[in-house]
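Colleague: So the chains spell out like this:
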Amino acid sequence: MKITRSSFLTLGLGAAAGLVFGTAPRSASAKEWKVIRVATEGAFPPYNMHAPDGRLIGFEPELLQELSARMNIKCEMIAQAWDGMIAGLTDGKYDAIMDAVSITPKRQEVIAFSTPYAAAPSGLAIMKDGAIKSLPGTGTRIQLADEAATKAAVEEMAKPLAGKTIGVQVATIQNDFLTKYLKDVVTIRTYSSGPDTFLDLKSGRVDAVMASAINLNASAKKSNGEMIASGFVFAGGLLGQGSAVGLRKGDPELKELFDKALKSVAEDGTLKRLALKWFEIDITPAL
Amino acid sequence: MGEAFTLLGFGPEGWGHALLTAGLTTLAVSACAFACGLVLGTLCAWAKIAGPPVLRRAADIYGVVLRGIPDLLVIYLFYFGGRQIVTAIANQFGHTGPVEISGFVAGSLAIGLISGAAQAEVLRGAFHAIPPGTLEAARVTGMRRWTMFRRIIAPQALRTALPGLGNQWQSVIKESALVSVTGLVETLRAVSVAANSTELPFLFFLAGGAIYLAITTVSGLVFRIAEWRAMRGQPAMRVGG
Amino acid sequence: MDLAFIAEVFPKLLAGLPLTLSLAVLSLSGGAILALLLSGLRASSWLGAQFANFYVYIFRGTPLLIQIFLIYYGLAQFPALRHSLLWPLLREPYVCAVLALMLNDAAYTSEILRGGLRAVSSGAIEAAKVAGMSRPTMLRRIVLPLAFRQALPAYGAEVTSMVKATSLASVVTLMEVTGLARAEVSQSYRAIEVFLCAAVIYLVLVTVITRLVHWLEARLSTHRSPALDRSPA
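Protein chains in written order, with numbering that gives the first Met the number 0: chain A, 0 to 286; chain B, 0 to 240; chain C, 0 to 232.
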């Protein structure tokens, strides 16, 4: 590389071009939605994940396709890290999020939600040959609204969990659950991504993982029986009222469009078909 | 071993294609970031050498701040706060409404900003290594400032700055791995996704390391050749980078 | 900008400072020892030099983040390692983070040390030899102090860059300043204020270290004999 006047200028021009082409003007105007960007994690199987060729696949990408057709809005799905996803929505980086985000009062202070499209309970997974052999209450679902039953179930679970480490994804409803009910009994270790919790469960760095039961079952199935879902599963209360599309509070028209499209996919059985395809059980919420 | 080849290959079960694209994204982010850094670095070096006191002070503060904050935080700040800044700038130039800033742009700008602080030091050092006689000669022949910069200062300074700039380029490539935290699918993000999906972290992080090593090694050679060519016809002179 | 919120976040982040500092101190001391060993290896034999060069090439040619991931998640993939005596150590995120930072620091520090050693003049070594110093004494009293003084500015930069690098430990669940900041962002959804607070903490820390290094440089310079600076008559 001989440094001449022209190559010196080219460098500068290249940098300027990089700046200009990188920032396209916003595609959707405030009121008339033609194209929107929807953030997902691409790391929360089977809700959303990456295929080897880099495509986003799973329940939510397929559901979004259906919704997109019904809303007559072009939806572009983009992968984002979970920590900061809600901040990115309010900041306007994208217009919606679909990442198995549960509706909770705390989140409702910051963002709006569509009607829910999936409602899965939360539970724990352990390793078959790990430090915890089994947890009580497998197969029983506890509603957090029932305080007496919750207290009894938590006390029963606390015995085998005492002194153990539980991995959980940061800023999730499961993290809130552990903090509220088991903080004094166990060590909670938070991860920025879900799959990392399962890697550390397998290697024995944590003794149990708490996550959405659907997510647990998918990982357990992949592990050839080494990892099992065990113990009570919990729903309701601070665990939210099901997963929904997260939207900005300032976009009520968009929420209306999503609600209408979700109603339509629920009514004609599309939602159920997709749930059975990806989750193998029907977890569509009663609308 | 066979399984590893399948997984890293280009077949339907292989992640080869994803990794290749990601490697190219790493190169693209690094190139944009380096170019931003060069522009910023040049401006700052100028401000420090010949700028008015206000700009000199600003350039100094910029250097101190950027060298004092972890790269990861600079990227986060740019990713979350960059949109407001870019929108404000765009509105100054007559553009109305907000401007999107993607992970790619935020990452390139953030790393460019980090690298700019370091490149300014490299370029300033290179300027001071210019024999003062050549500047005097240029002034005596009545060259204008811009002509002098283009024909006397830039060619000489860039030649001396090459080793230092080469180091900066290597740093930029390594820093680009941090952009993965924004969700941009560059090399590190791609291997993380593959590692999680296949539950073979060792294989894929090793492959990721190999991609970075290949990029740093090849570009290191390119810079070495460029240095050697730039030094032709020059008296033997070593400048530490 | 919401000052009340910042006042609330700041102490929360400061709680991570001891972890940040302990990561930095441990990895810097470990890295320095390893770097000395690498320099020794380089001087010992051709093979040793090749190994040292290869080590530096690998660790300087790849991002620190990937080194951390490789050590934390990568090594845990092997059942043999998980059943070995090392596992109780490698099981801990803290140990993995320190190990990665230390190995990385050693590569950079050994290069800085190499530059410093190269700058020790042959005259000083000859004088020591003539004075009848043994090799270890010469190393301790002449070579290393001179090399250290020479390498101090570069090493100071390495120290600050290591302090900043500890922020990467947050990716393996460690709750140092950046880890706490990331957790706070995902709880409060207010990224800019939180990350700015964290940035200020690092900025102050790095500024203090830079001042210390400058002070040390100035102090060590005054110990130089003025005779050395005098031009030959």
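No lab work stands behind these hints: they were computed from the structure. Virtual Cβ for every residue (Gly too), placed ideally from N, Cα, C. Be a bit skeptical, because a hint or two may be false.
[To be verified] To give an idea of the interface, some chain A residues facing chain C are shown, with a C-beta separation under 7 Å as derived from the structure:
1) Ala-86
2) Ile-187
3) Tyr-190
4) Leu-198
[Claimed, not checked] If you anchor each label on the Cβ, the simulated ranges turn out as follows:
5) B/Leu-19 with A/Ala-148: 21 to 27 Å
6) A/Ile-56 with C/Ser-28: 44 to 50 Å
7) B/Arg-55 with C/Leu-88: 22 to 28 Å
8) B/Val-217 with C/Glu-7: 27 to 33 Å
9) B/Gly-10 with C/Val-94: 35 to 41 Å
10) A/Lys-179 with C/Ser-28: 38 to 44 Å
11) A/Ile-131 with C/Ser-43: 33 to 39 Å
12) C/Val-203 with A/Ala-144: 29 to 35 Å
Colleague: For each hint, tell me whether it holds in the structure or not.
Modeller: Structure-based check of all given hints:
The beta carbon of A/Ala-86 comes within 4 Å of a beta carbon in chain C, closer than 7 Å, and the hint placing it at the interface holds. Below 7 Å, beta-carbon pairs count as interface contacts, and A/Ile-187 has none with chain C, the closest being about 10 Å; its hint is therefore violated. The beta carbon of A/Tyr-190 is positioned within 7 Å of a beta carbon in chain C (closest approach about 6 Å), and the interface hint is therefore held. For A/Leu-198, the interface hint holds, the least distance from its beta-carbon to any beta-carbon of chain C being 6 Å, beneath 7 Å.
For the hinted restraint 21 to 27 Å between B/Leu-19 and A/Ala-148, the CB-CB distance of approximately 54 Å leaves it violated. Distance hint check for A/Ile-56 and C/Ser-28: the Cβ-Cβ separation is about 47 Å, which falls inside the suggested range of 44 to 50 Å. The hinted window of 22 to 28 Å between B/Arg-55 and C/Leu-88 is violated, with their beta carbons roughly 50 Å apart. The hinted range of 27 to 33 Å is not satisfied by B/Val-217 and C/Glu-7, whose Cβ atoms lie roughly 49 Å apart.
Between B/Gly-10 and C/Val-94, the C-beta spacing of about 38 Å keeps the proposed range 35 to 41 Å intact. With their beta carbons about 41 Å apart, A/Lys-179 and C/Ser-28 fall inside the hinted range of 38 to 44 Å. Checking the proposed 33 to 39 Å range against A/Ile-131 and C/Ser-43 shows it is violated: the Cβ atoms sit about 50 Å from each other. For the hinted restraint 29 to 35 Å between C/Val-203 and A/Ala-144, the CB-CB distance of approximately 48 Å leaves it violated.
Of the numbered hints listed earlier, those contradicted by the structure are 2, 5, 7, 8, 11, 12.
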